[in-house]
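Asks: Sequence:
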Amino acid sequence: MKNISELPLILKASLGWSKPRTHLLCALFAVRTVNLKVIANAIRSLATEDSRYRQLQRFFTDFEFSYLQLGRFLLQLFFSKDDSLYLTIDRTNWQLGKCNINILMLGVAYKNVAIPICWMLLNKKGNSNTQERIELLNKASRIFSGYPIAGLLGDREFIGQTWFRHLQKNRIAFYIRIKKNATIVTRKGNTSRVDSLFIRLKPNEAYYIDEAVQLTGVSVFLSALRLLGGELLIVASSKPEKKSIEIYAR
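Residue numbers (full-length UniProt numbering): 1 to 250.
No wet-lab data here; the hints were simulated from the structure. Do not rely on the hints blindly, as some may be mistaken.
Straight-line Cα separation of at most 27 Å, DSSO-like style, residue types lysine-lysine; simulated pairs [as the list claims (entries may be wrong)]:
#1 K139 x K188
#2 K81 x K139
#3 K12 x K81
#4 K37 x K12
#5 K179 x K243
#6 K125 x K188
#7 K19 x K37
Generate the whole structure from the sequences, applying the supplied hints.
Replies: Have a look at this one:
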């Protein structure tokens with residue numbers, strides 16, 4: 001999609017949206033804000049600005065998006081059925097006045113960005129739990145139906161025995177960053193901190209261990225990169241993959 005002017009035609013063809021709905025979405029893209037007064041001013045119409053503002057209020061009060069329809073539209077916009085998808089899982093948490101906003105998000109990696117596809121509002125502060133992650137995956141499964149899933153990418157929050165085993169059971173490969181002080185068990189039964197395996201790495205050096213270790217009771221393969229600032233980036237993958245760091249960085 002080279003120009004936003006193409007968007008109304010694409011939305012009408014893919015979603016069957018009316019002209020007012022497509023113009024609203026185009027206005028959102030153009031003004032890059034959710035301020036209704038700014039959006040009302042950006043919409044081309046013979047109606048007065050106050051009238052457009054009231055129309056926007058009614059629209060957001062009454063209209064509900066079909067997440068299935070919208071998610072599949074986004075996939076069709078960026079991918080073909082032959083493309084293998086790398087899913088991303090992330091969470092963001094902030095305060096808006098006294099309101100706590102905590103969103104668990106599932107997206108698709110595309111050219112070094114993650115396109116949001118499906119999300120869940122968590123009625124709490126802090127980390128997600130395994131049940132919430134599984135619920136989000138189940139919610140998104142209909143959206144991704146028919147697309148090959150190459151793997152799931154996630155940050156240090158998204159570890160755990162039950163979670164890893166759920167992904168394995170559903171044949172979803174994972175590439176998850178883990179904390180440097182995570183405890184692993186080697187094939188010989190030795191227990192150690194994971195960063196001790198990569199202590200000799202110099203900045204910008206990477207290393208892959210082709211022998212599985214146990215992390216939270218699950219067999220994983222480890223790769224690490226020493227960042228220029230000295231911090232270790234350690235990735236646990238569900239299968240032997242020398243390019244785990246590159247895959248995680250997608």
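Asks: Which hint numbers doesn't this structure obey?
Replies: 1 and 6
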